[in-house]
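*Asks:* Could you build the full structure based on these sequences and the hints that come with them?
The primary structure of each chain is shown beneath.
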Amino acid sequence: MRRRRFLDCIAAVGLPLVGAHASAAAPTLRVGLTAVILADQAAFLARWSEYLSERVGVAVTFVARDSYQAILDLLFAKQLDAAWICGYPYVRHQAQLRLLAVPLYQGRPLYQSYLIRTRGAANLNGWSDLKGRVLAYSDPLSNSGWLVGQAQLRAAGLGPQDLRRSFFAHGHSNVADAVASGLAQAGCIDGYVWETMHLQKMATVAATQVIWRSDFYGFPPIVVRRDDPNAALALLGQTLLRMHDEPGGQDLLRALNLGGFAKPAPALYDSIRSLVKLVHGAHA
Amino acid sequence: MISFIPRLPYRIQVPTGLAVAVTVSVLMVSIVAARISERTARREIVVTVQRVITLLAAQGRPLLVAEDTFRAYALLRNTAALLPDADKGHTRAAILDADGRFLAGSDPLRLPTGEQALGVSVNARLLPRAKDVTTPRTVAAADGSLSLLQPILSEDEKVIGFVLAEVDAATFAPDWMALSKPGLIGAALAILVLGPLGWLAGRRMAQPIAQIVRSIALIGRVDPAKVRELLPTVADIELGQIAGAVHRLVGEMVANQANEQRALAAERLAAVGRITAAVAHEINNPLAGLLTAVRTLRLHGDAPDTRLRTVDLIERGLHQIGTMTTALLPQARVEDRCLSPNDLEDVMTLARANASTHAVSLDAARELGADLLVASTVFRQVMLNLLLNAIKAAGEGGQVHAALYADPQTVRFTVSNTGRAMSKTELQQRLGTEGGNDPQGFGLWICQEFAIRYGGGFEASDPSAISPPFSTSLSFWLPNRHHHDDQEVAAD
Numbered sequence: 001m002r003r004r005r006f007l008d009c010i011a012a013v014g015l016p017l018v019g020a021h022a023s024a025a026a027p028t029l030r031v032g033l034t035a036v037i038l039a040d041q042a043a044f045l046a047r048w049s050e051y052l053s054e055r056v057g058v059a060v061t062f063v064a065r066d067s068y069q070a071i072l073d074l075l076f077a078k079q080l081d082a083a084w085i086c087g088y089p090y091v092r093h094q095a096q097l098r099l100l101a102v103p104l105y106q107g108r109p110l111y112q113s114y115l116i117r118t119r120g121a122a123n124l125n126g127w128s129d130l131k132g133r134v135l136a137y138s139d140p141l142s143n144s145g146w147l148v149g150q151a152q153l154r155a156a157g158l159g160p161q162d163l164r165r166s167f168f169a170h171g172h173s174n175v176a177d178a179v180a181s182g183l184a185q186a187g188c189i190d191g192y193v194w195e196t197m198h199l200q201k202m203a204t205v206a207a208t209q210v211i212w213r214s215d216f217y218g219f220p221p222i223v224v225r226r227d228d229p230n231a232a233l234a235l236l237g238q239t240l241l242r243m244h245d246e247p248g249g250q251d252l253l254r255a256l257n258l259g260g261f262a263k264p265a266p267a268l269y270d271s272i273r274s275l276v277k278l279v280h281g282a283h284a
Numbered sequence: 001m002i003s004f005i006p007r008l009p010y011r012i013q014v015p016t017g018l019a020v021a022v023t024v025s026v027l028m029v030s031i032v033a034a035r036i037s038e039r040t041a042r043r044e045i046v047v048t049v050q051r052v053i054t055l056l057a058a059q060g061r062p063l064l065v066a067e068d069t070f071r072a073y074a075l076l077r078n079t080a081a082l083l084p085d086a087d088k089g090h091t092r093a094a095i096l097d098a099d100g101r102f103l104a105g106s107d108p109l110r111l112p113t114g115e116q117a118l119g120v121s122v123n124a125r126l127l128p129r130a131k132d133v134t135t136p137r138t139v140a141a142a143d144g145s146l147s148l149l150q151p152i153l154s155e156d157e158k159v160i161g162f163v164l165a166e167v168d169a170a171t172f173a174p175d176w177m178a179l180s181k182p183g184l185i186g187a188a189l190a191i192l193v194l195g196p197l198g199w200l201a202g203r204r205m206a207q208p209i210a211q212i213v214r215s216i217a218l219i220g221r222v223d224p225a226k227v228r229e230l231l232p233t234v235a236d237i238e239l240g241q242i243a244g245a246v247h248r249l250v251g252e253m254v255a256n257q258a259n260e261q262r263a264l265a266a267e268r269l270a271a272v273g274r275i276t277a278a279v280a281h282e283i284n285n286p287l288a289g290l291l292t293a294v295r296t297l298r299l300h301g302d303a304p305d306t307r308l309r310t311v312d313l314i315e316r317g318l319h320q321i322g323t324m325t326t327a328l329l330p331q332a333r334v335e336d337r338c339l340s341p342n343d344l345e346d347v348m349t350l351a352r353a354n355a356s357t358h359a360v361s362l363d364a365a366r367e368l369g370a371d372l373l374v375a376s377t378v379f380r381q382v383m384l385n386l387l388l389n390a391i392k393a394a395g396e397g398g399q400v401h402a403a404l405y406a407d408p409q410t411v412r413f414t415v416s417n418t419g420r421a422m423s424k425t426e427l428q429q430r431l432g433t434e435g436g437n438d439p440q441g442f443g444l445w446i447c448q449e450f451a452i453r454y455g456g457g458f459e460a461s462d463p464s465a466i467s468p469p470f471s472t473s474l475s476f477w478l479p480n481r482h483h484h485d486d487q488e489v490a491a492d
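Top line first, the protein sequences correspond to chains A and B. Letter by letter, the first sequence follows residues 1 to 284 in the numbering used here. Letter by letter, the second sequence follows residues 1 to 492 in the numbering used here.
Any given hint could be a false lead.
Restraint-style ranges between C-beta atoms, simulated for each label pair [stated by the list, open to error]:
#1 B/D156 with A/Q200: 46 to 52 Å
#2 B/D156 with A/K131: 32 to 38 Å
#3 B/R137 with A/G159: 34 to 40 Å
Rather than coming from a laboratory, the hints here were simulated on the basis of the structure. All residues carry an ideal CB built from backbone N, CA and C; glycine is no exception.
*Replies:* The following block contains the structure:
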């Protein structure tokens, strides 16, 4: 059902506007969304789009994809003006990207990665117990949903061959779904997404348990192309930063389970940079 | 139950029977439908599963190539809903890799990701090895469950994976509730309708039967015409036959009653005739003697002794006639004196006139060892009857001998005669019904009746015991007792 709503969102909100941009009929800001948030809520996105459009002065639309790479491809192809991506792809493409805003979660621009298991699987309590198990990742460009897990497996002395199988679930909520159903015995998931799903009392999360929490990492930022001269993007950034000052913005932030947006600094993602070096070095 | 139902009235039996018949029919139809459904359902289930497998093989191929476990799972989860009884967990599907391991299953707990599926026992089913599955295979287990395997081929016909579908035996089991539900609803509706209708039909059916029973119960108590009026007019063939039989029975009874009435009237007429004949006979017998006495009186009345004896004779003869006529009246009591030796003389005197007419020699003897305590009227009548009968039987020139015996127990009168012999059997035949109707044998019949009525006997002697020259000897006896009057009842 949520997936269907997600697809409806794409059809109703994203695709027509992408087509409109291609014809350059009207000035529009297109913002790409990934699995860093629960993006398949069409009503919420419509309200947020309306809120931003009124304040930026141009139509702001959202385009959702279930993989980071797809959003990055659209962004670099100039099909999108901005994108809400993970810190890991930002680090990988920081030369071409510029930070526009970073969400504040629980008062800080930080979040954690969780390792979750199927509820009741008592003999699975940490990374070292994953040998011979099936592990679900979120996305190959996800910090919390892949990169952190890779580093922890390495730390636990396990390589990919030690797992019975691993797979990408194409989104953090899908990781929770896979673990809840038993498709995977464990999964790497964005802590913010898991907590938000838990807050919304989603059944799939109720069937999972968090067995490990990572250190804090820079929250997935909203980025734009570094060379994009579109002045409306600055207005978009300012609007985001002021959302927590307005009741309408607060309602939207409450729905996102966020406290607001802040002006990010590249150093916020240094821990991810270290992780990339660690994992890539290991792969090398 | 079976012995209990027939005791119920029809208005309950009929609807109950209809309800039972409908219910049994529903059960039978459900059983037959279940058998048919089981056969066809199994075929349809297999066909449906094969279609789902074909769909999964087509849709799963790119996912298998990409080793996309989650999307394969999403595909299986959504597609498995098309499998029969998937919601009950009786069917499931999985996509296997080229080595026969689970890439994903619709029920991950029973079809665990990454575990070997082919060549090993999975869910108590031993599946063939991956290299042996090059074409669609169906593996039937002993418990009735099925495993269907279909290889997924690349464009160049290489096996890159498999679709596995498991169908538990429970899927093929007939759904008794679903099968019997329409029948049960129909039966309930039928019972709802047939119950009251059956009650009415039972009451309507029982009503003429009860009326016929009431009519039959009245036969013999009321006028047959009334019985016929009470018989119902029915259209039912069987009931019509019963009513017709009762009609015929009543008709036959009416005819029988009429016949009986006619027979009774005839009997009464015959009885009147017999009585009349008996009266005439009994009166006629002494009349002959009386007429002789009158002639004697006319000829010799001047002699005082002769006149007095003749007048006494006439008086006794008239008394006899009076006594006999009185005795013949029903319900009358007879006052009579005891027999005396003179009575034998009187009878002999009366009979001699007849004997002389027929030229028969007549004599008498008496041997009285006790007083005569029998009714004179009866005994005189018997003696006279027997003498006249013997005279007649002896014929012209014959001999008749009479003897009167008395002892403390009996008084016996025996008459022997020559002429045609009469055996015991012949006497009994003469005394039978036929003889009773025969005026010629009426005197003997009267003797028999007197013997029976007064506790005596009347019989013929055995020919060997009869002294020559006599051929027949009839003997009449009565108990010799004083209170004979108490026993005397007038003859009919």
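*Asks:* Now tell me if each hint is right for this structure.
*Replies:* Comparing the hints with the structure gives:
{"no.": "1", "hint": "B/D156 with A/Q200: 46 to 52 Å", "verdict": "48 Å, holds"}
{"no.": "2", "hint": "B/D156 with A/K131: 32 to 38 Å", "verdict": "37 Å, holds"}
{"no.": "3", "hint": "B/R137 with A/G159: 34 to 40 Å", "verdict": "36 Å, holds"}
In summary, this structure violates none of the numbered hints.
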